[in-house]
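So the sequence lines, in the order shown, correspond to chains A and B. The working numbering applies: residue 1 is where the first sequence begins, and numbers increase by one. The working numbering applies: residue 225 is where the second sequence begins, and numbers increase by one.
The hints are simulated quantities; they were obtained by calculation from the structure and are not laboratory data. Treat the hints with care, since some could be wrong.
[To be verified] Listed below are the simulated DSSO-like cross-link pairs for lysine-lysine, each with C-alpha atoms no more than 30 Å apart in a straight line:
id, chain 1, residue 1, chain 2, residue 2
1, B, Lys-295, A, Lys-155
2, A, Lys-4, B, Lys-240
3, A, Lys-4, A, Lys-224
4, B, Lys-240, A, Lys-158
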Amino acid sequence: MAEKTVEIGSSILSRNERLAAELRERFVRTGTYVINVLSSPGSGKSSTILATNELLRDRYGLRCAVIEGDIASDVDAVKMKEAGMPAIQINTGGLCHLEGNMISQAIDALDAGVGLENIDVIFIENVGNLVCPVDFDLGENLAVMILSVPEGDDKPIKYPGIFQYAGALLLNKIDVAPAFDFDMEGYNRTLDDLNPTAPRFSISATRGTGMDEWASWLAAQMGK
Amino acid sequence: MHELGLVSGILDVAVKTAREAGASRVVSVSLRIGDMAEVNEESMDFAWDILREDDPLTAEATMQVEYVRPKSVCAECGNEFEHDRFHLRCPACGSRETRLVAGREMDIVSMEIETPDEEDG
């Protein structure tokens with residue numbers, strides 16, 4: 001018996017990375033801006049997408065669609081369709097994050113149903129989770145992290161990865177801040193070191209607070 | 225808890241590589257994982273112990289992981305610096321414009337395999 005070393009030198013996630021690169025090229029070709037929406041369950045991903053869609057549609061004439069990632073059910077996709085957005089539901093059946101192959105299939109379905117040329121923006125509502133989605137590139141242009149006030153100001157310290165990964169940071173449910181002991185200064189201080197480049201927006205998706213500023217920054221990223 | 229998926233992917237590569245090389249078994253697999261990847265060491269070990277038994281080639285293989293400390297480069301002063309998971313601003317000039325160059329990798333570096341002795345004639 002002889003032992004020998006075989007050099008490999010590839011990423012563990014090389015398959016996902018290849019798919020993400022293919023998706024990114026596809027989005028460039030079709031002129032589609034894709035937003036990976038990340039947060040824990042219940043911090044307001046769906047309501048933020050709904051409110052952002054209204055502003056992007058009414059003020060900037062942008063046509064939005066949604067890919068919904070959930071362990072089970074089509075509750076969110078139904079909600080999005082009722083708001084007039086084409087929506088594809090992915091059920092991960094227990095998997096804690098979305099992966100490139102799921103997005104490829106969902107994009108194919110959107111393309112077949114509506115035509116990607118008729119969509120300007122796609123929101124990917126990832127599975128509510130502050131850990132696993134970080135490692136899976138979905139070919140997006142922007143990853144948005146939504147924290148809600150009731151979750152507490154210490155979340156960036158507890159889950160640094162996702163706050164560092166995001167290209168924009170939303171603090172949702174700002175309207176209930178007086179009822180919670182949310183240390184805004186401490187929250188900002190952590191993020192100043194952890195992710196100094198991502199812009200931060202304080203919003204209330206359901207009441208509209210701060211949504212203008214967020215939507216206008218987002219539209220500017222798309223050249224609007 | 226996506227370590228099961230990660231380990232399953234690593235073992236797929238290991239088995240494929242071992243078959244192509246005509247190996248009789250995989251001795252070890254070396255990985256390099258950045259401290260900023262969301263990977264839990266204990267979960268990786270747990271998944272490894274379970275999943276390696278799925279194929280006789282990897283049933284006794286060990287996993288060696290080198291953890292990589294995050295490193296960034298400052299876009300303003302060019303300083304390259306190591307840091308923890310929390311402090312990404314440039315320690316030299318205080319700039320916010322820094323770019324992560326290491327710390328998020330998840331690579332299969334190499335593997336040790338055992339091959340049957342080649343017989344003469």
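Hint by hint, here is what the structure shows:
Using a Cα cut-off of 30 Å, the hinted pair Lys-295(B) and Lys-155(A) holds, with the two alpha carbons roughly 23 Å apart. The suggested pairing of Lys-4(A) with Lys-240(B) holds, with an alpha-carbon distance near 16 Å, which does not exceed 30 Å. For the hint pairing Lys-4(A) with Lys-224(A), the CA-to-CA distance comes to about 57 Å; that exceeds 30 Å, so the pair is violated. For the given pair, Lys-240(B) sits about 38 Å from Lys-158(A) by alpha-carbon distance, which is inconsistent with the 30 Å threshold.
The structure is inconsistent with the numbered hints 3, 4, although it conforms to all the rest.
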